[in-house]
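One-letter residues, chain by chain:
There are 2 protein chains.
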Amino acid sequence: MNFKAKLIKAANTNKSWLCVGLDPDLDKLPSPVTKSLSGTEEFLKAIIDSTKNLVCAYKPNSAFYEQFGAEGITLLKGIINYIPDDIPVILDAKRGDIGNTSKMYAAAAFDYLRADAITVNPYMGHDCVKPFLDYQDKGIFVLCLTSNPSSSEFQKQYLKNQTMLYEQVARTALTWNKNDNLCLVVGATKPEELGELRQLVGGDIPILIPGVGAQGGDLELSLRNGANSKGELAIINVSRSVLYTGKDNDYVDKARAECLRLVSTMRSVLNLA
Amino acid sequence: MNFKAKLIKAANTNKSWLCVGLDPDLDKLPSPVTKSLSGTEEFLKAIIDSTKNLVCAYKPNSAFYEQFGAEGITLLKGIINYIPDDIPVILDAKRGDIGNTSKMYAAAAFDYLRADAITVNPYMGHDCVKPFLDYQDKGIFVLCLTSNPSSSEFQKQYLKNQTMLYEQVARTALTWNKNDNLCLVVGATKPEELGELRQLVGGDIPILIPGVGAQGGDLELSLRNGANSKGELAIINVSRSVLYTGKDNDYVDKARAECLRLVSTMRSVLNLA
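Chains as they are written, first to last, in this note's numbering: chain G, 1044 to 1316; chain B, 1044 to 1316.
This is chain G alone, in the form it adopts within the complex (with noise of 0.2 Å):
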């Protein structure tokens, strides 16, 4: 099964768009979480247990494990492996090099820590997204209109042709989409272009919208922006907002808890049933 016929099937049984970022912050661990890999292993497995029938994936940050180095990479492989099978694991590492490069980096992704998608970056063009959209079976989002403040820098410069750099990498990731596998980042704090982007690239390209939660982005707004005609694969995904709303010994209460709250405004804008 391809990632994206897997993501659908997560989200029809779960009823559910959420995707949560698992991203492990020494500094926010809940006061009972011993503040060492193990106490973090610990802590993610807590909290993939409490939501696996709650999501439609989950997204751990590369940045968060290298910063713990070789020992850090051993904990995402083994994060990666204990999430259900059924569950897609999109890897966000922003990747992205000349093609002889890349093809290391894709095995890295894919071959070695065995995740279902990674999010790439298409300052480099086609031949450097090209080895990521070579593995047919894996979900490759490209990044387009990023949720961060200074996004606008380059992302929203008007180009000769009229249109923004943004949406020129759209347009252009479109044109690479040989395998059925592109999918895009759009970030929530940007709902009027998130809109304008779906209808662009049409109904069966999943966007990844980061920004609800820590970042402000408006839940209800980016589900009705996001999603295709038949409420899907508009893929919501909240991390710091479910990790760390619990600071004592609900931390795993608090973040089901939180999740079940997105969750319902998701079946309830997307008639869920």
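None of these hints come from the bench; they were simulated from the model. A few of these clues could be false.
Just so you know, same-sequence chains aren't split out, so a pair can sit in one copy or run between any two.
With a straight-line cut-off of 25 Å between C-alpha atoms, the simulated SDA-like cross-links for lysine to any residue are [to be verified]:
#1 K1071 - N1143
#2 K1088 - G1238
#3 K1203 - E1235
#4 K1173 - M1207
Once you've looked at the hints, dock chain B against the given chain G.
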């Protein structure tokens, strides 16, 4: 000593602006080297031993280590540690994410791996690069115009103000340079634009120039167009054509001979006494 001072000192000592890329590829290892991590480590250390008085820097590309997972990261840390203290290490990682996340990437590169410099991707704008630039003693190489064939796809799009995107990136990155640690990446396959960019950014910005060797960039032209008026700060990176020139027991001698050939041209073109 900050990165730029360390770089200039190494270049002056070795009379060389050559950077050797340390990119282990099992398929290309010379026949006497065991195709394993320990074989790779011995190979890289032998290359370092035989070239360390001919270079101004080494540049391991993270992807080639990440393909081996956690053990690859241990190898990368070991190789960085093995490089003599007076030769700066540029970690080629092309990282970039929202601020909170870029902080973790910077910690991985500088606190854990102890690299002297890193390559970063500008697509997400200033707040994604700032956590790297905040390390005052480290060099931050922003991708500007890359050496790969499809670099033109977005980087050479004309903006409304008649500049191309890569030029806008260079101009904008200059405004971020509060700590005198901004550097750029400009491919050797674009020698004319390299010359224009050197004019644009002035004589104090180190430029990393990949693409001489396997990718076909011209060494002499890259030096003439990339160096400042003192013949400095054009860092010529060569990876495959140094590492994998020798196929048999002569691989160390052949790697050194190829470095000598390149450095000899450099000394002549740049009048390095």
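Verification of the supplied hints:
| no. | hint | verdict |
| --- | --- | --- |
| 1 | K1071 - N1143 | between (38 Å within a copy, 12 Å between copies) |
| 2 | K1088 - G1238 | neither (35 Å within a copy, 53 Å between copies) |
| 3 | K1203 - E1235 | both (22 Å within a copy, 22 Å between copies) |
| 4 | K1173 - M1207 | both (23 Å within a copy, 24 Å between copies) |
Hint 2 alone, counting from the list given before, is not met by this structure.
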